[in-house]
Each structure stands twice: as C-alpha cells, then as structure tokens.
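Trainee: First to last, the protein sequences are chains H and S.
Every letter in the first sequence is one number past the one before it in my numbering, and letter 13, counting from 1, is 13.
Every letter in the second sequence is one number past the one before it in my numbering, and letter 101, counting from 1, is 101.
Mixed in with the good hints, there may be bad ones.
Stated by the list, open to error - Capping the alpha-carbon separation at 20 Å, the derived lysine to aspartate or glutamate pairs in EDC-like fashion look like this:
hint : chain 1 : residue 1 : chain 2 : residue 2
1    : H       : Lys216    : H       : Asp197
2    : H       : Lys37     : H       : Glu228
3    : H       : Lys3      : S       : Glu175
4    : H       : Lys174    : S       : Glu9
5    : H       : Lys39     : H       : Asp53
6    : S       : Lys233    : S       : Glu151
7    : S       : Lys10     : H       : Glu168
8    : S       : Lys233    : S       : Asp59
9    : H       : Lys162    : S       : Glu9
10   : H       : Lys44     : H       : Asp154
11   : H       : Lys167    : S       : Glu9
12   : H       : Lys90     : S       : Asp142
13   : H       : Lys96     : S       : Glu9
14   : H       : Lys174    : H       : Glu159
15   : S       : Lys64     : S       : Asp52
16   : S       : Lys97     : S       : Asp178
17   : H       : Lys216    : H       : Glu48
18   : H       : Lys167    : H       : Asp154
19   : H       : Lys92     : S       : Asp52
20   : H       : Lys2      : S       : Glu9
21   : S       : Lys64     : S       : Glu151
22   : H       : Lys216    : H       : Asp53
23   : S       : Lys97     : S       : Glu175
Because the hints were derived from the structure by calculation, they are not lab data.
Since we're looking at a predicted model, the values are computed, not measured.
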Amino acid sequence: MKKIINTIYLFMVYAFLYIPIIVLIVNSFNVSKFGQKWKGVTFKWYGELLDNDSLIQAAIHSLTIALISATCAALLGSLMAIALYRYRFKSKNFIKGLLFVVMMSPDITMAISLLAIFTLISIELGFFTLLIAHITFCLPFVVITVLARLSGFDIRMLEAAKDLGAKEWTILSKIIMPLAKTAIMSGWLLSFTLSLDDVIISSFVTGPSYEILPLKIYSMVRVGISPEINALATVMLVFSLLLVVISKWLVREKIR
Amino acid sequence: MKTKCFNIEKLIIGIVLGWLICFIFIPNLMIVITSFLTKDDANIISLVFTLDNYLKLLDPMYVKVLWHSFYMAAFATLFCLIIGYPFAYIIARMQIKFRFFMLFLVIVPFWTNSLIRTYGLKSVLGTHGLLNKFLLALSIIDKPLHIMYSEYAVMIGLVYILLPFMILPLFSSIEKLDNCYLEAAKDLGASRWQIFRRIVLPLTIPGIIGGCLLVLLPALGMFYVADLLGGAKNLLIGNVIKTQILNMRDWPFGSATSITLTLVMAFLLYIYWKISQKIHKKVEMEI
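Based on the sequences and whatever the hints tell you, model everything.
Mentor: And the structure:
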C-alpha cells in the first residue's frame, strides 16, 4: 500500500515537471495554430522555423557565444583553480571573496554592475559585452569543479616531479592538466548550458546588433502564441539530450 | 629555471586577478557608489551624495511591491519544500541503481531553456489549457479557472522552474542519513512520527535550508516568469530593478534596490551558515 502511494506521488511530481514540455512537443506537430485542439499531424511549423531567418540567426549567435564563452571560462577557471590550489600569494583571499560574490550575488545585480562598467567605458553592447558577461558568470562553476578535482590529488606526485627537476610548465601541462581533464570538461559543459539558458544577465548586456536566442524567444512569447517556438523547443530539447548522452559516453570511454 | 617558473606563476595570477578586478570588483563597487548618488537626466548620474534612493524604498508604494514580491517568492519556496521533501525522501530510500536514474529524470527538464519551459507552462495553465480541460472533464470544476496573470500563476511558475534546486540538496542530506539511527529509534519503540520529528527532520535541516535558499534567492530576481505569467500587477523585485534601469534610466534607485536585495540575500546566507555550524557541533557532541 505504502509503495503504491509513493509511486503515485513520484508520478505526479514527474507529471508536473514533464507535462508542459510534452505539451510543447505535441503542439509542435499540431495543425491547429493555437494548440487547444488536436487537428492532425503536420511538419509545417518546423518548415516555418527553418524559414525564420532571424530566429536561425539568433540560434547561431547563441551557439557561438556559448561555445566561445564556455571555452574561455574553462580555460580561465582552470587557471584560477590552479592558482588557488598551488600558489601562495597575498590576494588569495581577495580572489576567493570575489568568486564568492559572483556565486552569491543575484543575477540581476551582476547584470546591472556589468552594464554599468560597459556604459562607463562606452563599449558598444553586443558580441563582446555578452561574451565577457557569460565568461564571468560561468567562472565560479568551473573553478569549483576543477578545484574539487585538484584537491583530491596526491600531492606527492607533484613533489616527485619537482624533485626530478620538472619545470613549472611541465608540471602544469604534463601532470595537472591531464589529471584535471574530466573536471575541466564537465566545467565546460556546465558553462555551455548555463550560457545557452541565461536570460537575466543577457537581457541587460546585449544590444540590437547581436540578438541571441533566449532574448529572441522572450520577445516572441511575450507577444503571443507562436507555434515555431514549439518546434524550436523540441529541437532544443533533442539537441541538449544528445549533448548529455554524448558527454556521458565520452566520460565512460575515459574511465575504461 | 627559477625565474621561468616564477614567471608562469605571476602570469597566471595576473590574468586571473585582472579579470576579476575588471569585471567583478570594479563593477560592483560602481553600483555601490551609484546607489548613494543623485539621478541626473542629462548625464545619468550627478556626483551629489544622498541617501534618498534607500529612503525611497520605504515609500509605501515600493514597500507594497517589494513585499508582494517577497511573499510570492516565499510561498513558492514553501511549496517547493512541501512537494520536494517527500519526493527526495522516497528517492533517497530507493535502491542505489534506481536513485540516480530518478534524479536524472528530475534534471532532464532543466536542460531545456527555462524561458521555453515557462512558455510551455503558460499553455497548460491558460483558460483553455490542459489543466482546465482535465479538471472540467473530471467535473471537479464547472467553470474554467483563471489562473493565468494572477499571483498563483507566478508561484506555480517559480515552483516549476526551481523545484530541482530544492530536490537536489534535500536528496543529498537525506541520503547521508544513517539507517542505524532510524533502526535504533524503531527498536526503542519510537512511532513513525517521532522518528521523523526527532531524528530525520533535525538531521536534514541543512538540506532544507540549503534548498530553500537555492529556491528563494533566484526566485526574487526571475523577472521573466513574472512577466510571462503574472501580468502587470504581480511583479518580482527583478522586474522593479529592470524597469528602473532599462526603462526609467534611474540608475541610483535601481542600484539601491539591487544592493538591498543582495544584502537581504547575504543576511539569509549568514543565518544558514550559522545554523548549519550549530547543527554540526550538536551532532558531533551527541555522537
């Protein structure tokens, strides 16, 4: 009896989480534009999605930003983690404090503070401002993932290398980097998804010259119902699921 | 050799420190300073010190908006806890091979853009949406419910988007719970309610507070959820800040609002830290 109640409960929560997504996916194949009644299967909306040049353009922009910012954040974040793990310097607590600020301060505060500095140095809002903002809010996640991996290291390994005369560069490139590779990769993946998903910070630091997908979607769904969005949601879900499966598979290969 | 290793170290620290100072330290400092300056229509701000921006927050109109925002976010957090706790508990007590699959299912929706999910929710909650059709078909209601553009829609939206953030910390703190305690209590004749009240609940408090913070803190800023589901009346603090900065161009007041928001969050985090420390000590002492 208890087991049945538990199962029903779990099922209801999953239903709550999944039904809105399933409705979107089903409606993306629905002939009816408003999606209140089922009027038959169509691929019309996918066609319209492909014809919507500005939407496709925004998707390409989003992917570009996500790829570059995830890569930069992974690099910079790994360097930061290495610096925090290996070196002794005065400003260590200062760096930790600033990372803590990024983690804890609300997105919207970070958004207006970045907009403030961009306005002050009067840089045009667009590609570069988006890139800087995305790298910055992804950083702490990479640092934490990589630092967690580095802390699990056997420190004697690094000492042995040093005793045998390895230079700092050799230690970094031959020991630390290869061992932290999976952590860096998962940091990259996390940054990539965070970057694709962000609405709050992007809506402050972007300009009309560089439209990205979440903001384009935002302006479309505010106006009303647009079935292309359903098609787009389906495509994005399939895309991110593929990404996850691929990443799981990559990690599994590594373990073997 | 010595100098070269010195150089790489310096270079790394330099890059890292430079980035953080340029894009975190200086911007935040600017916002703090701006919040004490006066609004100027021509130059955005003028360098006249004032506390007016903070005093303006005490204006009854803003107090009402901020309070309503806090109330919606707090209730969303409470609902997340009520829904999430039994859920996390059931999953954490499953066999290990099922546990991670069930958690995986919680995270999957998380990979779709949260904006798109909010939009999906909108089509479920609407007057002709799936929920109303379902309830009408079961004749639980005889007229469609008007959920959209009310505070309930905002709360449901926040719960929907943020539920995984509640479930994950709850799961990890319930999973850590040692079965010995529960069995010992059972052997000593404790009722199920007593076990929950005296053992499970106190030991999972860090997970509860952690989850509540992970939901409450972002909830206050999610202006797009309020925008899509709540209409013009049900604003979150995020909407207020956004309007002040992007539409009214009132940087000082927008900054003051966001600094206040940050301080409230910092205060809540501090309480969390204190409580979890206390519990840690208590548990250690009892063992």
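Trainee: Does each hint hold? Answer for all of them.
Mentor: Results for each hint:
| no. | hint | result |
| --- | --- | --- |
| 1 | H:Lys216 to H:Asp197 | 12 Å, holds |
| 2 | H:Lys37 to H:Glu228 | 17 Å, holds |
| 3 | H:Lys3 to S:Glu175 | 19 Å, holds |
| 4 | H:Lys174 to S:Glu9 | 16 Å, holds |
| 5 | H:Lys39 to H:Asp53 | 27 Å, violated |
| 6 | S:Lys233 to S:Glu151 | 8 Å, holds |
| 7 | S:Lys10 to H:Glu168 | 12 Å, holds |
| 8 | S:Lys233 to S:Asp59 | 18 Å, holds |
| 9 | H:Lys162 to S:Glu9 | 15 Å, holds |
| 10 | H:Lys44 to H:Asp154 | 58 Å, violated |
| 11 | H:Lys167 to S:Glu9 | 11 Å, holds |
| 12 | H:Lys90 to S:Asp142 | 69 Å, violated |
| 13 | H:Lys96 to S:Glu9 | 17 Å, holds |
| 14 | H:Lys174 to H:Glu159 | 14 Å, holds |
| 15 | S:Lys64 to S:Asp52 | 18 Å, holds |
| 16 | S:Lys97 to S:Asp178 | 19 Å, holds |
| 17 | H:Lys216 to H:Glu48 | 16 Å, holds |
| 18 | H:Lys167 to H:Asp154 | 18 Å, holds |
| 19 | H:Lys92 to S:Asp52 | 37 Å, violated |
| 20 | H:Lys2 to S:Glu9 | 60 Å, violated |
| 21 | S:Lys64 to S:Glu151 | 14 Å, holds |
| 22 | H:Lys216 to H:Asp53 | 12 Å, holds |
| 23 | S:Lys97 to S:Glu175 | 14 Å, holds |
The structure does not agree with the numbered hints 5, 10, 12, 19 and 20 stated previously, though it agrees with the rest.
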